[in-house]
Amino acid sequence: MKKKLAMALCVALTMTALSGCGSSSGGNGASETSGSDSQQEAPVQEESEDASGEEAQSSDGGAQASGDVMTLEFFQQKSEEGPQKGYQAIIDKFNAENTDVQIEMNTVPDAGTVLTSRISSGDIPVIFSDYPTQVQFRQKVANGYVQDLSDQEFLKNVNEAALEMTKQEDGGYYALPYSRNYMGVYYNQTIFEENSVEIPTTWDEFVQVCETLKAAGITPMGLMGKDPGRVGHTFQCQTVAWSPNGIENIAKVAAGEGQIEGDAEFTEEFEKMKTLLSYSNEDALALSDTQCWENFANGQYAMCITGSYARGTIASLNPDAKLGVFPLPNDTVESTRTLAGIDAAICVSAKASDEEKAAAYRFLAYLAEPENAQLFCDSDGAPSCITGVVNDDEGIAPMIEILNDGRVHDWMASTINNNVVTDLYNVVQGFWAEQDVEKVLKDMDASIAVTSAE
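In this text, residue positions in the sequence shown follow my numbering: the first is 1, and each later residue adds one.
Where hints are given, some of them may not hold.
Using C-beta positions, here's what the derived DEER-type ranges look like [what the hints assert, rightly or not]: (1) 433 - 96: 30 to 40 Å; (2) 96 - 355: 17 to 27 Å; (3) 405 - 442: 30 to 40 Å; (4) 294 - 259: 19 to 29 Å; (5) 332 - 148: 40 to 50 Å; (6) 109 - 299: 26 to 36 Å.
Taking lysine-lysine and the DSS-like style, the derived pairs with C-alpha atoms no more than 27 Å apart in a straight line are [as the list claims (entries may be wrong)]: (7) 274 - 214; (8) 442 - 272; (9) 357 - 85; (10) 439 - 226; (11) 351 - 167; (12) 226 - 442; (13) 226 - 214; (14) 272 - 252; (15) 226 - 85; (16) 322 - 214; (17) 167 - 156; (18) 156 - 85; (19) 442 - 252; (20) 226 - 274; (21) 274 - 442; (22) 272 - 439; (23) 272 - 214; (24) 93 - 156; (25) 322 - 156; (26) 274 - 439; (27) 252 - 274; (28) 252 - 439; (29) 167 - 274; (30) 167 - 226.
Calculated from the structure, these hints are not laboratory results.
Note that the coordinates shown come from a computational prediction; the quantities given were computed from them, not determined experimentally.
All C-beta atoms in this analysis are idealised placements derived from N, C-alpha and C, irrespective of residue type, glycine included.
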């Protein structure tokens with residue numbers, strides 16, 4: 001059984017996420033953050049050697065010992081600048097305060113797939129980030145790769161609702177939830193004010209806002225389509241917003257029940273997406289996430305559909321930009337929901353030595369201290385899972401409201417295998433080019449039939 005699970009982990013693709021968002025990823029993320037052009041491989045410190053020239057690396061991934069100092073790898077999947085800066089600020093602070101344990105962050109392209117491969121080969125990082133609401137994470141737990149953290153005191157610092165979202169089938173908690181993610185419509189408050197438009201709360205109002213902006217010579221919406229993962233995040237956002245039963249219907253089709261072709265909700269969803277594309281930048285299919293975020297930050301677009309994972313990066317590109325975010329609206333306020341989940345969550349390898357686990361717990365406890373979690377929140381911009389952390393960004397108030405109201409749906413990977421989800425990203429990317437509603441529904445059925453059988 002373990003061999004089968006290991007094989008499943010090896011071949012299953014992880015999204016980047018959201019993360020977001022997330023490797024795409026949410027994320028969740030990746031899975032809910034994307035393995036996109038924005039990812040850059042972090043420098044990896046050379047391994048220390050003893051007098052005989054032998055490496056001091058332990059048999060467990062990412063742990064090095066030099067004298068009385070233990071160095072642990074923190075393999076994290078967030079590719080965006082904001083969360084990376086937040087993590088690094090905490091790591092620098094931790095390393096300065098601890099002489100016997102040092103943390104090194106490792107961020108690589110296509111991090112979700114790399115992590116899966118490393119776990120399958122037995123090279124598991126002692127500390128790693130993952131997405132605990134995903135199907136694939138539950139497989140890792142079942143196969144004994146992830147350490148149970150249920151008895152750790154630092155979990156008492158986690159918001160109860162956020163912690164409950166990560167509970168596994170055995171009732172245990174295998175991750176420290178650190179931030180929540182969501183997909184929404186980011187907007188330039190200055191452009192809205194100058195054109196006398198308000199936040200739309202229904203689809204008709206949203207279309208009217210786009211018409212007003214377009215008539216003023218402004219590109220209403222910036223979309224990024226070069227990376228299928230970012231297309232996929234928009235697809236997940238639109239599905240939750242416009243197809244109330246969309247994710248559940250995809251899961252049914254993957255289980256051999258029903259079909260997408262002819263589905264009224266999905267037909268309406270993709271008709272709305274055609275409308276949205278008509279108000280978007282003409283180079284959407286060729287545009288990377290980082291370029292789209294930069295264009296949006298500099299006022300080239302009035303709005304941009306993206307995840308909370310991008311908030312810190314966008315703000316760093318133009319600190320003077322006044323940003324806000326609202327849910328992608330459906331026909332009515334009552335029927336509008338938003339895509340949201342646990343974004344950053346930190347795990348410990350169950351295969352690590354007792355000494356490595358003890359050191360890892362110290363770092364996780366440090367992460368869970370409100371003053372340190374505040375550093376991450378200030379850089380990342382997403383709502384924190386740690387009690388006592390304050391997000392004073394008034395621009396995200398509409399998202400906080402819908403999150404608190406519970407009008408949300410978790411990412412597709414919480415109920416559907418990643419290989420099914422990620423292949424649908426490619427299908428939807430094709431729709432952006434062809435904009436043929438009947439064809440995309442047929443293509444979705446064909447894609448699900450193939451990937452669900454793998």
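Structure-based check of each hint:
For residue 433 and residue 96, the hinted distance range of 30 to 40 Å is not satisfied, since their beta carbons lie about 50 Å from each other. Here the CB-CB span from residue 96 to residue 355 is close to 22 Å, well matched to the stated 17 to 27 Å. Separated by about 36 Å at the C-beta atoms, residue 405 and residue 442 satisfy the suggested range of 30 to 40 Å. About 40 Å separates the C-beta atoms of residue 294 and residue 259, a value inconsistent with the hinted range of 19 to 29 Å.
At roughly 43 Å, the beta-carbon separation of residue 332 and residue 148 lies within the given 40 to 50 Å, and the hint holds. With their beta carbons about 30 Å apart, residue 109 and residue 299 fall inside the hinted range of 26 to 36 Å. Restraint check: the Cα-Cα separation between residue 274 and residue 214 comes to about 16 Å, which is no more than 27 Å; the hinted pair holds. Taken as a hint, the residue 442 and residue 272 pair is honoured in the structure, with Cα atoms around 18 Å apart against an allowance of 27 Å.
A distance of roughly 25 Å separates the Cα atoms of residue 357 and residue 85; the hinted pair therefore holds under the 27 Å criterion. This hinted pair checks out: residue 439 and residue 226 have alpha carbons roughly 21 Å apart, not beyond 27 Å. Among the hinted pairs, residue 351 with residue 167 is consistent with the structure: their alpha-carbon atoms are about 21 Å apart, no more than 27 Å. Between residue 226 and residue 442 the alpha-carbon distance is near 23 Å, which keeps this suggested pair within the 27 Å criterion.
Note on residue 226 and residue 214: the hinted pairing holds, with a Cα-Cα distance of about 24 Å set against a maximum of 27 Å. At most 27 Å may separate the alpha-carbon atoms for a hinted pair to count; residue 272 and residue 252 meet this at roughly 23 Å. A threshold of 27 Å between alpha carbons decides the hint, and for residue 226 with residue 85 the separation of about 25 Å falls inside it, so the pair holds. A C-alpha spacing of about 20 Å is found between residue 322 and residue 214, which places the hinted pair at or below 27 Å, so the restraint holds.
At most 27 Å may separate the alpha-carbon atoms for a hinted pair to count; residue 167 and residue 156 meet this at roughly 14 Å. For the hint linking residue 156 to residue 85, the alpha-carbon distance of about 25 Å falls within 27 Å, and the restraint holds. A threshold of 27 Å between alpha carbons decides the hint, and for residue 442 with residue 252 the separation of about 15 Å falls inside it, so the pair holds. Of the supplied pair hints, the one linking residue 226 and residue 274 holds, its CA atoms being roughly 18 Å apart against a limit of 27 Å.
At most 27 Å may separate the alpha-carbon atoms for a hinted pair to count; residue 274 and residue 442 meet this at roughly 17 Å. Annotation: proposed proximity of residue 272 to residue 439 holds, straight-line Cα distance about 15 Å (limit 27 Å). Of the supplied pair hints, the one linking residue 272 and residue 214 holds, its CA atoms being roughly 17 Å apart against a limit of 27 Å. Distance restraint check for residue 93 and residue 156: the Cα-Cα separation of roughly 22 Å lies within the 27 Å cut-off, and the hinted pair is therefore satisfied.
Of the pairs offered as hints, the one joining residue 322 and residue 156 is violated, with about 35 Å between alpha carbons and a cut-off of 27 Å exceeded. At most 27 Å may separate the alpha-carbon atoms for a hinted pair to count; residue 274 and residue 439 meet this at roughly 13 Å. Under the criterion of a C-alpha separation no larger than 27 Å, the hint pairing residue 252 with residue 274 is consistent with the structure, at around 25 Å. Between the alpha carbons of residue 252 and residue 439 the distance comes to roughly 20 Å, so the proposed pair stays at or under 27 Å and holds.
For a cut-off of 27 Å, the pair hint linking residue 167 to residue 274 is broken: about 38 Å separates their Cα positions. At most 27 Å may separate the alpha-carbon atoms for a hinted pair to count; residue 167 and residue 226 exceed this at roughly 35 Å.
In this structure, the hints that do not hold are numbers 1, 4, 25, 29, 30, in rising order.
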